[in-house]
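Novice: This is what each chain is made of:
There are 2 protein chains.
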Amino acid sequence: MARNHIRKHIDDHAEQAVLRLQKLCRQPSVSAQGVGLRECAELVRGLMVELGLHAELVSLKEGPPVVYGELRSQSSKRTLVFYNHYDVQPPDPLELWESDPWAAEIREGRVYARGAADNKANIVSRLAAIEAFLKTRGDLPCNIKFVVEGEEETGSPHFAEYIHQERSRLKGEGAIWEFGGLDYGDIPAVTLGLKGMLYVEFCVKTLAKDSHSARAAIVENPAWRLLRALGTLRDERGRVAIEGWYDDVRGFTPEELKALEKEPLQEEQLKSDLGISQFLAGMSGLELKKALAGNPTANIAGFYSGYIGEGHKTVLPAYAKAKMDFRLVPDQDPEALASLLRNHLKQRGFGDIQLAIQSENPAARTPLNSEIARIACDTAHEVFGAEPIVHVSSAGSGPMHLFTHTLKLPTVAIGCNHPYSNTHAPNENQRIDALISGTKWIAAVMERFGGKA
Amino acid sequence: MARNHIRKHIDDHAEQAVLRLQKLCRQPSVSAQGVGLRECAELVRGLMVELGLHAELVSLKEGPPVVYGELRSQSSKRTLVFYNHYDVQPPDPLELWESDPWAAEIREGRVYARGAADNKANIVSRLAAIEAFLKTRGDLPCNIKFVVEGEEETGSPHFAEYIHQERSRLKGEGAIWEFGGLDYGDIPAVTLGLKGMLYVEFCVKTLAKDSHSARAAIVENPAWRLLRALGTLRDERGRVAIEGWYDDVRGFTPEELKALEKEPLQEEQLKSDLGISQFLAGMSGLELKKALAGNPTANIAGFYSGYIGEGHKTVLPAYAKAKMDFRLVPDQDPEALASLLRNHLKQRGFGDIQLAIQSENPAARTPLNSEIARIACDTAHEVFGAEPIVHVSSAGSGPMHLFTHTLKLPTVAIGCNHPYSNTHAPNENQRIDALISGTKWIAAVMERFGGKA
Numbered sequence: 001m002a003r004n005h006i007r008k009h010i011d012d013h014a015e016q017a018v019l020r021l022q023k024l025c026r027q028p029s030v031s032a033q034g035v036g037l038r039e040c041a042e043l044v045r046g047l048m049v050e051l052g053l054h055a056e057l058v059s060l061k062e063g064p065p066v067v068y069g070e071l072r073s074q075s076s077k078r079t080l081v082f083y084n085h086y087d088v089q090p091p092d093p094l095e096l097w098e099s100d101p102w103a104a105e106i107r108e109g110r111v112y113a114r115g116a117a118d119n120k121a122n123i124v125s126r127l128a129a130i131e132a133f134l135k136t137r138g139d140l141p142c143n144i145k146f147v148v149e150g151e152e153e154t155g156s157p158h159f160a161e162y163i164h165q166e167r168s169r170l171k172g173e174g175a176i177w178e179f180g181g182l183d184y185g186d187i188p189a190v191t192l193g194l195k196g197m198l199y200v201e202f203c204v205k206t207l208a209k210d211s212h213s214a215r216a217a218i219v220e221n222p223a224w225r226l227l228r229a230l231g232t233l234r235d236e237r238g239r240v241a242i243e244g245w246y247d248d249v250r251g252f253t254p255e256e257l258k259a260l261e262k263e264p265l266q267e268e269q270l271k272s273d274l275g276i277s278q279f280l281a282g283m284s285g286l287e288l289k290k291a292l293a294g295n296p297t298a299n300i301a302g303f304y305s306g307y308i309g310e311g312h313k314t315v316l317p318a319y320a321k322a323k324m325d326f327r328l329v330p331d332q333d334p335e336a337l338a339s340l341l342r343n344h345l346k347q348r349g350f351g352d353i354q355l356a357i358q359s360e361n362p363a364a365r366t367p368l369n370s371e372i373a374r375i376a377c378d379t380a381h382e383v384f385g386a387e388p389i390v391h392v393s394s395a396g397s398g399p400m401h402l403f404t405h406t407l408k409l410p411t412v413a414i415g416c417n418h419p420y421s422n423t424h425a426p427n428e429n430q431r432i433d434a435l436i437s438g439t440k441w442i443a444a445v446m447e448r449f450g451g452k453a
Numbered sequence: 001m002a003r004n005h006i007r008k009h010i011d012d013h014a015e016q017a018v019l020r021l022q023k024l025c026r027q028p029s030v031s032a033q034g035v036g037l038r039e040c041a042e043l044v045r046g047l048m049v050e051l052g053l054h055a056e057l058v059s060l061k062e063g064p065p066v067v068y069g070e071l072r073s074q075s076s077k078r079t080l081v082f083y084n085h086y087d088v089q090p091p092d093p094l095e096l097w098e099s100d101p102w103a104a105e106i107r108e109g110r111v112y113a114r115g116a117a118d119n120k121a122n123i124v125s126r127l128a129a130i131e132a133f134l135k136t137r138g139d140l141p142c143n144i145k146f147v148v149e150g151e152e153e154t155g156s157p158h159f160a161e162y163i164h165q166e167r168s169r170l171k172g173e174g175a176i177w178e179f180g181g182l183d184y185g186d187i188p189a190v191t192l193g194l195k196g197m198l199y200v201e202f203c204v205k206t207l208a209k210d211s212h213s214a215r216a217a218i219v220e221n222p223a224w225r226l227l228r229a230l231g232t233l234r235d236e237r238g239r240v241a242i243e244g245w246y247d248d249v250r251g252f253t254p255e256e257l258k259a260l261e262k263e264p265l266q267e268e269q270l271k272s273d274l275g276i277s278q279f280l281a282g283m284s285g286l287e288l289k290k291a292l293a294g295n296p297t298a299n300i301a302g303f304y305s306g307y308i309g310e311g312h313k314t315v316l317p318a319y320a321k322a323k324m325d326f327r328l329v330p331d332q333d334p335e336a337l338a339s340l341l342r343n344h345l346k347q348r349g350f351g352d353i354q355l356a357i358q359s360e361n362p363a364a365r366t367p368l369n370s371e372i373a374r375i376a377c378d379t380a381h382e383v384f385g386a387e388p389i390v391h392v393s394s395a396g397s398g399p400m401h402l403f404t405h406t407l408k409l410p411t412v413a414i415g416c417n418h419p420y421s422n423t424h425a426p427n428e429n430q431r432i433d434a435l436i437s438g439t440k441w442i443a444a445v446m447e448r449f450g451g452k453a
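Taken in order, these protein sequences are the chains called A and B. Just so it is clear: in the first sequence, position 287 is 287 by the UniProt record's numbering, and no numbers are missing. Just so it is clear: in the second sequence, position 206 is 206 by the UniProt record's numbering, and no numbers are missing.
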């Protein structure tokens, strides 16, 4: 009965949730461009204070503030921590949007705005769940701590500093990550992990300045040199070819493998969405799903040398540069891998290549049999009437390890997202029905989580 | 005595030559970008008409016009043909220029501008030599034909068409190529040949659009694919690794080898100028000189994929592109080599890589004992008081074969250039003293060439 009051409150206040989402979306907050971040942080803090949370902006040495909010339960000692971010991706290319990315226009049951799905709807949804408990019951089923950072979209460069600085008040028994919700076919999905990342930039400089390419007969070309060096890093099937790279890779547990087997993957649909005829190394089926969830990657995110304009120029370039993101899996240690990479280059005779480590984050993976994972799955059943899909790990990355490792918080990603929300792309949108159902899911998790005390 | 009048006129009109050079340089004429070409052609034609030459713009089916100028001698039936080009390389990277590349600023006796040395000074210099004869003597010592094309820097894609179309009026007994002048130590140099070129662009497209790099776990990255394909084209010592590539390479004659042995090459100076610690594959001495004059090359002139801006972006690029110039030597046939390249890629499993042939030119090499070569050497002695250096071949390229093969014109390259002119690079410049001495050299060649009749 109590549960029905909560759900009814959420349904009855859908309009208010949408208005809050529009308010947040109409405040641009682009971390890559440093636009509107403090203003958006203030808005988020304002929404928390309105509901009765203690909320403050925590300043860091550099970068925008983190919004911290908390509210204690009278009836439970257990604490659930929410991780969210108030920053968004740049809205470019603007010409492909059907409405202004900051207008938060509603069309056909969706709010269209940059940041609507990633990640402002999840902030609003979690606040709506909290409000439902407070308004119907006057109490929360568990303590809530809210951490909302402002640099997720630029790799959370100062978030580790925040976590280390504030770790004493971030204690809890479980956490909910920023994203998640409905998968294809509107089946709820629970994600248990994120890959880590080592982001590096290579630079080879062989000449003081660009030269006439006639000199290629007697002078080494930096593009050749970089190309040869990178060519030693990965084999044709996508496997990293650096000795020791896989030494600390933790395999899947039998339970995780079972979850992977059950995970649906619309291969033909995905191929057609991406415009490809086959997957890397011809993979399919379980192998493909294992690769997405568990394979380290070595991706060239950028390569530049010489003249890349129209027509032809015969230049011997002075330098060549490449950016690479290596996605990591448990229990790879990015610092150790950076050393392996450096040694690999040195041993192959490429010690002159400049290597700049731009960011390093370990992977995170919460066990399938952890309490928070079980609660997320059970409540998905209750709210959506369907067995949820369990993603052992997202193929993407994020600072989840700061929750799972540093704060020792078992963490799952669930929320109010939906497929075709165009995150990081033009016409990003949030389905209003998913916002509401996701809120009910979060409320159900809070209740079950607190009741365990 | 007559010779002294000519030289005096050249000295006395140095300022006018510099003004003409500035005028030409202030007209951008970037063939790679299609900028300012007709305007520059008109300027060149105007300078010719001013001196009394018959001059016209010859239109081709595509591309900018060729400027053709001629003036007959009253006293000689022999014809010397000048080859020049009015187009220039793109000025990038702009930030490394100390003055605007189109300002033609004079600093410390040099004119700084894109195209100043390559090749506008030589146009101005040859016109100044013609003017000196006409003004002091009222006649030329030989017939002059002037061919000034507008696409040399993009591989002269339509110049063969022009030569075939106009060959009947391009008859002559010898030709002077576009460049040449002073070498290191201000010793005059005569160049007898040019390498050929095959310029190609590769494109690999693996995705419909840029994607999140998390997908690198299951989708091939086009940069990896291009990097692997290019990696099969050349070995570490710079040798082209395509089967059959060297089959038609003609070796040096004993005379040519002797010239190569005598050719000075300031290795330490060159290394320090280029900012390198050693030459390709550790070459030195005769091997190095033979490489410059006679080795085919495979140069990456440009490589682009993904995100190359500041900071980090985790993108799986949709495509990767590379531009390569292959320098060719006698008697390699660019068309045959293009087929070898295509087959090589196909056989290595890279048949999907798009390969666009952007230009193809065979090499040219005029015999050391030809009349024009002997005149160029003898007059160098007269004008500079020093035995000239003979370069069997430039390391650079150009459509000289259309003169030596199609028009049967023995051709040498001499002019008013100087080392440290930064051609194809930022801060390109023309030394004014070299402009004047080079003009005297051209005048001496004209005189000797006409007198042979």
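Take the hints with a grain of salt, since some may be wrong.
[To be verified] No farther apart than 25 Å at their CA atoms in a straight line, the calculated lysine to any residue pairs in the SDA-like style are these:
1. Lys313/B to Glu95/A
2. Lys205/B to Ser272/A
3. Lys205/A to Glu261/B
4. Lys271/A to Asp210/B
5. Lys23/A to Leu96/A
6. Lys77/A to Asn369/A
In case anyone wonders, no lab produced these hints; they're calculated from the structure.
Novice: So, for every hint listed, does it hold in this structure?
Specialist: How the hints compare with the structure:
1. Lys313/B to Glu95/A: holds, 21 Å
2. Lys205/B to Ser272/A: holds, 15 Å
3. Lys205/A to Glu261/B: violated, 32 Å
4. Lys271/A to Asp210/B: holds, 14 Å
5. Lys23/A to Leu96/A: Answer holds: lysine 23/A to leucine 96/A is near 23 Å, not above 25 Å.
6. Lys77/A to Asn369/A: holds, 22 Å
Hint compliance for this structure: hint 3 alone is broken.
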